[in-house]
Amino acid sequence: MNALASSAPDSAPAVAAGAAIATPKVEVQKLNVWFAKNHAVKDTSLAVQVHTVLAVIGPSGCGKSTFLRALNRMHDLVPVARVTGKVLVDGQDLYTREVDPVLLRRRVGMVFQRPNPFPTMSIEENVAAGLVLNGISGNHAEVVERSLRKAALWDEVKDRLGHAATSLSGGQQQRLCIARALAIEPEVLLMDEPASALDPIATAKIEELIHELKEHYTIIIVTHSMQQAARVSDHTAFFYMGELVEMGATEQIFTNPKERRTEDYVTGKFG
Amino acid sequence: MRHFAFRRFMNVFMTVLCGVALVAAFIPLISVLYLVISKGAAGLSWDFFTQLPKPVGEEGGGIGNALVGTLYMVGLACLMGLPVGVGAGVFLAERGDGTVGKTVRFVAEVLSGVPSIVIGIVAYAMVVIPMRHFSALAGSVALAIMIVPYLACSTEELIRVVPTSLREASLALGVTNWRTSLLVILRTAMTGVVTACLLAVARVAGETAPLLFTALNNQYWNVSPVQPTASLTVAIYNYAISPYEDWHAKAWTAALVLLMLVGLLNLTSRVLTRNRLKGAR
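Taken in order, these protein sequences are the chains called W and Y.
Following this note's numbering, the numbering of the first sequence begins with 1 at its first residue and continues without gaps.
Following this note's numbering, the numbering of the second sequence begins with 1 at its first residue and continues without gaps.
By construction, these hints were calculated from the structure, which means they are not laboratory data.
We put the CB at the ideal spot given by N, CA and C, even for glycine.
Careful, some of the hints might be misleading.
[What the hints assert, rightly or not] Computed beta-carbon distance windows for the label pairs:
id	chain 1	residue 1	chain 2	residue 2	range
1	W	Met-241	Y	Leu-182	36 to 44 Å
2	Y	Gly-19	W	Leu-77	44 to 52 Å
3	W	Gly-91	Y	Val-110	54 to 62 Å
4	Y	Leu-182	W	Ser-137	47 to 55 Å
5	Y	Ile-27	W	Arg-114	41 to 49 Å
[To be verified] Covered by chain Y, per the in silico footprint, the following chain W stretches (three or more residues, Cβ under 8 Å):
id	segment
6	35-46
7	66-80
8	109-119
[What the hints assert, rightly or not] Chain Y residues, not near chain W, derived (Cβ > 12 Å throughout):
id	residue
9	Leu-76
10	Glu-168
11	Ala-169
12	Ala-172
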């Protein structure tokens with residue numbers, strides 16, 4: 001299972017040639033996740049280069065969300081979950097005793113499947129939540145504006161920052177959650193099917209956004225939609241039954257997959 | 001066709017039955033309100049709220065000291081009971097799956113079912129006997145003991161219904177566990193928790209048994225925690241069991257004041273829990 005991102009240089013011209021040589025931003029080595037006796041992610045190794053987008057695809061229940069949540073230690077919350085292997089961010093393993101999962105999560109942000117703004121907070125307070133809840137003082141108004149602009153939501157909400165976050169539409173709420181994640185300036189952004197609860201127009205906005213965010217962040221996105229993976233990502237990883245079957249440049253995965261199972265999946269024979 | 005007619009009959013019959021049950025449930029409620037207002041309203045006056053009680057036969061006089069005593073003891077009980085109750089509820093919801101949590105939950109459930117007179121005896125043994133006399137403190141300890149288990153159970157339930165997705169959202173922002181519990185989870189459940197607090201307070205404000213042999217009574221003003229203190233409920237009790245007509249009238253008026261106090265607490269909980277944000281759903 002040695003399908004590293006750097007193995008397909010020709011089909012991904014967007015990636016700077018130098019980036020392939022540098023240390024990967026995120027490197028996963030022999031990652032295993034169990035829920036009690038259920039082996040959800042099996043012996044997975046892959047690497048993601050800085051300022052690229054990795055799409056993780058696969059049928060339901062293949063372990064792709066579980067894999068993603070292992071990258072910022074969200075499984076710490078689940079008592080029966082057990083994780084082995086290494087996840088390196090900038091060469092540092094997250095699963096050692098010295099790493100504080102709380103500080104880690106400020107570097108590796110996450111956007112969830114369903115928009116989950118804090119219902120008791122206004123739009124503005126939601127964006128600043130990461131700062132306020134962590135007790136970080138400073139010019140929050142500036143951070144709020146910058147984050148909302150990055151999330152392409154500023155123009156739609158600038159006149160009603162004090163309104164309830166739940167008064168926004170689903171697509172706006174999801175962009176608000178992206179703005180909230182960006183406000184604490186993470187380096188890596190994990191997205192767990194961020195558009196699955198949204199209509200096509202809102203989905204298009206999120207995808208456009210991913211393209212822009214890539215310049216400053218490293219993004220790993222789990223998606224059900226192969227079209228979406230093809231549109232937004234530089235590299236694609238295909239998971240099946242908890243295993244990483246194949247990873248490569250997105251174009252190669254969709255046009256010339258090496259593995260039979262990948263081909264069957266991307267051509268719609270199953271899944 | 002016969003079946004259809006039968007179903008239609010059953011439908012009407014059951015609807016009428018529900019209506020009758022509704023009326024039956026309203027009769028005691030309406031009669032309590034009617035009796036208390038019709039018999040108590042006549043005695044309401046500024047003096048009734050501000051004056052000390054007068055001896056039998058003398059005109060005028062009020063229950064000012066009892067009103068202040070009730071507010072004072074309930075306030076003291078809140079200071080002790082609300083933080084402990086809410087804190088215990090948060091603990092049960094967040095960490096309540098272990099042995100300690102299960103034990104605490106069991107104890108709280110049992111305690112919230114204990115008759116209030118028993119709690120009065122406990123407070124008598126714990127506070128009155130060591131201090132050697134009746135006191136406001138003893139009364140409020142009894143009330144606080146009643147508040148804690150009730151509030152712990154309701155807070156836990158309110159916190160457990162906060163969606164996990166909010167906890168995840170907070171933790172994914174790099175917020176620590178305890179800050180997430182207090183600033184996100186508890187804040188989201190706050191509307192319900194405030195209501196639960198006010199209902200707990202309203203409940204103990206109407207208690208007589210735990211005050212009878214803890215705070216006892218007092219014919220004068222008192223705000224010292226170590227002195228016996230009058231309360232509305234004990235005043236009603238004393239006036240009602242007396243053989244004098246004018247004291248009976250005072251009992252009704254005091255009951256009306258107590259009802260208004262409890263009603264005010266309920267109303268406050270409604271006002272406080274309105275969503276402050278525009279466009280909130």
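Now the hints, each set against the structure:
{"no.": "1", "hint": "W/Met-241 x Y/Leu-182: 36 to 44 Å", "verdict": "41 Å, holds"}
{"no.": "2", "hint": "Y/Gly-19 x W/Leu-77: 44 to 52 Å", "verdict": "49 Å, holds"}
{"no.": "3", "hint": "W/Gly-91 x Y/Val-110: 54 to 62 Å", "verdict": "55 Å, holds"}
{"no.": "4", "hint": "Y/Leu-182 x W/Ser-137: 47 to 55 Å", "verdict": "18 Å, violated"}
{"no.": "5", "hint": "Y/Ile-27 x W/Arg-114: 41 to 49 Å", "verdict": "48 Å, holds"}
{"no.": "6", "hint": "35-46", "verdict": "violated (count 0)"}
{"no.": "7", "hint": "66-80", "verdict": "holds (count 3)"}
{"no.": "8", "hint": "109-119", "verdict": "holds (count 8)"}
{"no.": "9", "hint": "Leu-76", "verdict": "30 Å, holds"}
{"no.": "10", "hint": "Glu-168", "verdict": "6 Å, violated"}
{"no.": "11", "hint": "Ala-169", "verdict": "5 Å, violated"}
{"no.": "12", "hint": "Ala-172", "verdict": "4 Å, violated"}
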